[in-house]
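Protein chains in written order, with this note's numbering: chain Y, 1 to 133; chain C, 1001 to 1133; chain V, 2001 to 2133; chain A, 3001 to 3133.
These aren't lab readings, by the way, just hints derived from the structure by calculation. Each hint should be verified, as a subset may be incorrect.
[Unchecked claim] Calculated lysine-lysine pairs in the BS3-like style (CA-CA distance at most 25 Å, straight line):
(1) Lys3011(A) <-> Lys2082(V)
(2) Lys3127(A) <-> Lys2016(V)
(3) Lys2082(V) <-> Lys2101(V)
(4) Lys3127(A) <-> Lys31(Y)
(5) Lys2082(V) <-> Lys3127(A)
(6) Lys3101(A) <-> Lys3082(A)
(7) Lys1128(C) <-> Lys127(Y)
(8) Lys1128(C) <-> Lys3101(A)
(9) Lys2128(V) <-> Lys3011(A)
(10) Lys127(Y) <-> Lys82(Y)
(11) Lys16(Y) <-> Lys94(Y)
(12) Lys1082(C) <-> Lys82(Y)
There are 4 protein chains.
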Amino acid sequence: MKTKYQQEFEKDRFAKNTGIILVDVVPGYAKAQLEISEAHHNAVGVVQGGALFTLADFCFAAASNSHGRVALAIDAEISFFKAVSSGVLTAVAKEISLNGKLGTYLVEITNEEGDCIAHFKGTVYRKKDTYNF
Amino acid sequence: MKTKYQQEFEKDRFAKNTGIILVDVVPGYAKAQLEISEAHHNAVGVVQGGALFTLADFCFAAASNSHGRVALAIDAEISFFKAVSSGVLTAVAKEISLNGKLGTYLVEITNEEGDCIAHFKGTVYRKKDTYNF
Amino acid sequence: MKTKYQQEFEKDRFAKNTGIILVDVVPGYAKAQLEISEAHHNAVGVVQGGALFTLADFCFAAASNSHGRVALAIDAEISFFKAVSSGVLTAVAKEISLNGKLGTYLVEITNEEGDCIAHFKGTVYRKKDTYNF
Amino acid sequence: MKTKYQQEFEKDRFAKNTGIILVDVVPGYAKAQLEISEAHHNAVGVVQGGALFTLADFCFAAASNSHGRVALAIDAEISFFKAVSSGVLTAVAKEISLNGKLGTYLVEITNEEGDCIAHFKGTVYRKKDTYNF
Chain Y
1 MKTKYQQEFE KDRFAKNTGI ILVDVVPGYA KAQLEISEAH HNAVGVVQGG ALFTLADFCF
61 AAASNSHGRV ALAIDAEISF FKAVSSGVLT AVAKEISLNG KLGTYLVEIT NEEGDCIAHF
121 KGTVYRKKDT YNF
Chain C
1001 MKTKYQQEFE KDRFAKNTGI ILVDVVPGYA KAQLEISEAH HNAVGVVQGG ALFTLADFCF
1061 AAASNSHGRV ALAIDAEISF FKAVSSGVLT AVAKEISLNG KLGTYLVEIT NEEGDCIAHF
1121 KGTVYRKKDT YNF
Chain V
2001 MKTKYQQEFE KDRFAKNTGI ILVDVVPGYA KAQLEISEAH HNAVGVVQGG ALFTLADFCF
2061 AAASNSHGRV ALAIDAEISF FKAVSSGVLT AVAKEISLNG KLGTYLVEIT NEEGDCIAHF
2121 KGTVYRKKDT YNF
Chain A
3001 MKTKYQQEFE KDRFAKNTGI ILVDVVPGYA KAQLEISEAH HNAVGVVQGG ALFTLADFCF
3061 AAASNSHGRV ALAIDAEISF FKAVSSGVLT AVAKEISLNG KLGTYLVEIT NEEGDCIAHF
3121 KGTVYRKKDT YNF
């Protein structure tokens, strides 16, 4: 059964259109997956950096909003380690810092063999507004 | 009339599916646009960070591959300044450093009023392979 | 004659020990300089990345605190374009975004020939506390 | 007894002047420490961002050059989580990606209580030149 958090994040149209699925979310942690198709390819036939970023960013958004307070992304950076063109990618977001105003998260994207495809870090500003899940 | 570069970059399926158009590309420079629709929204009704990143990343790819040598993204970072939910976004990529192996580019995304929505920096590794446009 | 801002920033012991001089600061802008000596070299005889970062970071701190409100660095990133081992380096910080809570700045470090040596971006969280200059 | 690697890295004048000590280095890993004094403080009495960056950057340089090939920093980014003004800081660098041309490292800086003070990521370009340790 899906939690209210999962239902909430499934309203993300861009992530949904990209084919991203939120697998798990608990406070400070989230996991998401993307099954690669040709729709994610760039001009040279590998997954576009934007598709990888979207997977990581969505996972980061789920983890950073998981405490019930609205969290807005300030910035993010991603390192690309390996080009991929097929298979299922898994992103896992973990909280490495949280205080009243700011939170920072690392997201690792791996392929089915467990190779690290990309590494992402993102920081949010935490508003006072809360979700009424 | 479209140049061969533009034709080449239009093979980017993910950027195309996202609705991104390559407006201009000359060596070391590129401009791209995205007309926002609800398909680009996240769960809270503003443009998803991944859609903004994809716009910037595509523009960066065009500028960095514009010299005719294959350029692969090593890493990229993006700062988000303002949430937007409609209108046309324009990304402009400029080269700030280029040597035999590496190139670095800044990309600014602005809305129709000229406000800076997001600022991106990306670095590529330049392979020896060349395009035969 | 030195402004109160300049006097305030000269209390930065680490920047001072590194040999960094604040040349100019006005709201949203700052310029700083460093004359390279062997004291700034790393194990292979070029300026250490930390010395370049410190120059940029100090310039960023001056620009971001220049509005009179205490600004704390959230994060920063730097790209290194060219190794240098002597001469005077100049850093110029410019504000690219400012709102009630956050500010973002680009800093460019150039050598005496005007070559771009490094490019830095930093973001601050703006506290409500003000300086009583 | 010090290894040749440690002896080599101790030639880093800027890190040495900053008071940084290389505690350990093995291929793909390094640990360094800094005992904070007022010489590392900024204008508001906490450790300057440049001092933290220098600690992380030096540790990153040790880890990335540890394979015996010359590795040059392309870029780096750091997130600051907690202001500190005294005590001993420890930086640990770990390799998260390595191929023939590029390597990426995460560096975590902790205080004596084990709190994460700052988190750093850096990427190197690996030259063909080797050290003759």
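Structure-based check of each hint:
Under the criterion of a C-alpha separation no larger than 25 Å, the hint pairing lysine 3011(A) with lysine 2082(V) is consistent with the structure, at around 21 Å. Between lysine 3127(A) and lysine 2016(V) the alpha-carbon distance is near 34 Å, which puts this suggested pair outside the 25 Å criterion. About 34 Å separates the Cα atoms of lysine 2082(V) and lysine 2101(V), which puts this hinted pair outside 25 Å; it is violated. Our distance criterion of 25 Å between C-alpha atoms is broken by lysine 3127(A) and lysine 31(Y), whose separation comes to about 37 Å.
Only pairs whose Cα atoms come within 25 Å are accepted, and lysine 2082(V) paired with lysine 3127(A) is accepted, the gap being roughly 15 Å. Taking the CA atoms of lysine 3101(A) and lysine 3082(A), the gap is about 34 Å. The hint is violated against a cut of 25 Å. For the suggested pair lysine 1128(C) and lysine 127(Y), the alpha carbons sit about 48 Å apart, so the restraint of at most 25 Å is broken. The straight-line distance between the Cα atoms of lysine 1128(C) and lysine 3101(A) is roughly 13 Å, inside the 25 Å bound, and the hint therefore holds.
The hinted pair formed by lysine 2128(V) and lysine 3011(A) fails the criterion: a straight-line CA distance of about 44 Å is larger than 25 Å. For the given pair, lysine 127(Y) sits about 36 Å from lysine 82(Y) by alpha-carbon distance, which is inconsistent with the 25 Å threshold. Simply put, lysine 16(Y) and lysine 94(Y) have alpha-carbon atoms about 22 Å apart, close enough for the 25 Å limit, and the pair holds. With a CA separation close to 31 Å, the supplied pair lysine 1082(C) and lysine 82(Y) exceeds the 25 Å bound.
Hint check: violations occur at hints 2, 3, 4, 6, 7, 9, 10, 12; the rest are consistent with the structure.
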